[in-house]
Amino acid sequence: MKALTTIQSRFVPVNIENIDTDQIIPARFLKATTRDGFGKNLFRDWRYYNDDASKTRADFPLNMSQFDGEILVAGKNFGCGSSREHAAWAILDYGFRVVVSSFFADIFRNNALNNGVLPVQVSDEFLQRIFLQDNNTELTVNLEQQTIRINSTGEQEHFDINPYKKTCLLNGYDDIDFLLSNKAAIETFEKQRV
Amino acid sequence: MAKSLFEKIWEKHVVKTIDDGPSVLYIDKHFIHEVTSPQAFTGLNKRGIKVFRPQQVVATADHNVPTLNQHLPIKEELSRLQVDALIKNCAEHGIELYGLGHPFQGIVHVIGPELGVTQPGMTIVCGDSHTSTHGAFGSIAFGIGTSEVEMVFASQCLLQSKPKLMRINVDGVLNKGVVSKDIVLYILSKISASGATGYAVEFAGSAIRSLSMEARMTICNMSIEMGARCGMIAPDETTFAYIKGRKFAPQGAEWDKKVAEWKQLFSDTDAAFDQEVFINAAAIEPMITYGTNPGMGIGVSETIPTTETINDTDRSGLAKSLAYMGLEQGAAIKGQKIDYVFIGSCTNSRIEDLRMVASFVKGKKKADGVEVWIVPGSKQVEAQAIQEGIDKIFEEAGFQLRQPGCSACLGMNEDKIPTGKYCISTSNRNFEGRQGAGARTLLASPLTAAAAAVTGVITDVRELLN
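In order, the protein sequences belong to chains F and H.
Residue 194 is where the first sequence ends in my numbering, and the numbering goes up by one at each step.
Residue 466 is where the second sequence ends in my numbering, and the numbering goes up by one at each step.
Wrong hints could be hidden among the right ones.
Below 20 Å or equal to it, Euclidean Cα-Cα: the simulated SDA-like pairs (lysine to any residue) are [what the hints assert, rightly or not]:
| no. | chain 1 | residue 1 | chain 2 | residue 2 |
| --- | --- | --- | --- | --- |
| 1 | F | Lys76 | H | Thr307 |
| 2 | F | Lys191 | H | Asn69 |
| 3 | H | Lys3 | H | Pro103 |
| 4 | H | Lys3 | H | Gly121 |
| 5 | H | Lys16 | F | Ile130 |
| 6 | F | Lys2 | H | Lys46 |
| 7 | F | Lys31 | H | Lys3 |
| 8 | H | Lys320 | F | Arg97 |
| 9 | H | Lys392 | H | Asn69 |
| 10 | F | Lys40 | F | Phe29 |
| 11 | H | Lys320 | F | Lys40 |
Honestly, the hints are just simulated from the structure, not real lab data.
Take the sequences, apply the hints, and build the full model.
What follows is the structure in structure tokens.
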């Protein structure tokens, strides 16, 4: 997993609430057996008409040339629905390292963190402030400080993250290494519960 | 100290707790399928390690399989490669696979309970959000991502933070024509599609207690649609009677010992919950969704909400949802024409669901221009339906009985609803494009779906019941 410390970047606003993982990556693109290449189908049915990659929807932010950056900003309850980790893989593969919303679904939050994508949960008010900024505005997300700042205005908010997950992300560690290091304790647990 | 059902099970599975961090939670059963496991096996192979406890893993092929001609090779190449990868991975790691052609094959959340693998007091995971289904037996059961599938393969454990606790109490007697699917769609319409995010939900109350195991599974299945980490129901005599005698159920003296343990699995009288919800069962009518998340549901006799009348959660999305659905604010839902009927999915594809549909449609015919797909949850459900002659009733009604799989619930295989068409579906999600790009899904109970199949429009099934 790639470590993440500070991201300073412009952002892509998708101001829609309850974005489910079927929208992030539709089921018909889940047939791969690797983790690569999902970015091209990120938000597939909102990006194109009739599932045709030559017919882009001009009004969808990913297709608007003025928006760019490593930060995706979306409406509340982002990532609800299916547990497909392909949603996190698609977001990462497209080039995002941070998703900002005022509420995240649990499974998506875990999947993102397990892939080096940082979910930043902000207040509804702060989210609306971000949506009001123009397309040249940069955001700074500082994981060490757990802060997100709108650079042009200086407005800043603190965000929460589990301290263990923060350490993992700052260093690029994953849970499997940690669990494997606990094998002896797990085997002891198995023996004791029988 | 008084403990909840959730806490009693959780505490028995904590291997250790990290300071300021999550717990190492031991997992009893791990179900896998072809879509969310290949990358996890690849991860193991890269690390050069094997599955730690293969005898605690059960595999099946369900998401991506055809529901016609399952005896033939899968035509779609990517689907076939994914199913082949599962076969190879299970063989290499010593995992029991109930693949295509096996008499136990079926939707992962249907076969676990019907084989008796799912038991009270367990921790159960699967790379599928509807793993919450297994909570109906009084277990902690939740969906995980593929990285977490790899973690469980490697260590039989996960790192988990304890969720908050919610209890949803449903008391009273259900009205005629109202079934468990209506209960859960009603709860969703009250608390919204994010109303239980961050919570483990226990369903309790007299209306829940009176339900069969299959009906309880329908409710726990959709707890993820409220955002819940898991849904659960305390086990009771109904639970024990369902499990007894099933293939992997405990036998003899072991059975008595287990039942004695299971009887301790309930929330103590003074157990604390972070939130409690109270629902009057008698207030529930047959439900139907009109929008593009499962919280957007109404009683079948009601009108579609308007920007003024809708709850705060769904207000901002209402116009977009209705534009997608081709429906109008304030309009009646009853009488809306439908094109397809899908009766299946891990929510409603069990034998009781098929019996409910069969008893309603016996002697009736489907409406002209409507296509009806019945997709049983497993080979065992299919065999039972045939043994009971339910297949004949469907045939006479013009319904197509297909072979087991997830099918049109998510349209990964060929079973897709065409763009712009309306499908009344017993599945769990009405998201945009869920059943096929541009497909318009209305979620309902098997009974309400059967009524629409016969009339061709959204119908209040109560008007057709004697």
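Structure-inconsistent hints, enumerated in ascending order:
2, 3, 5, 7, 8 and 11
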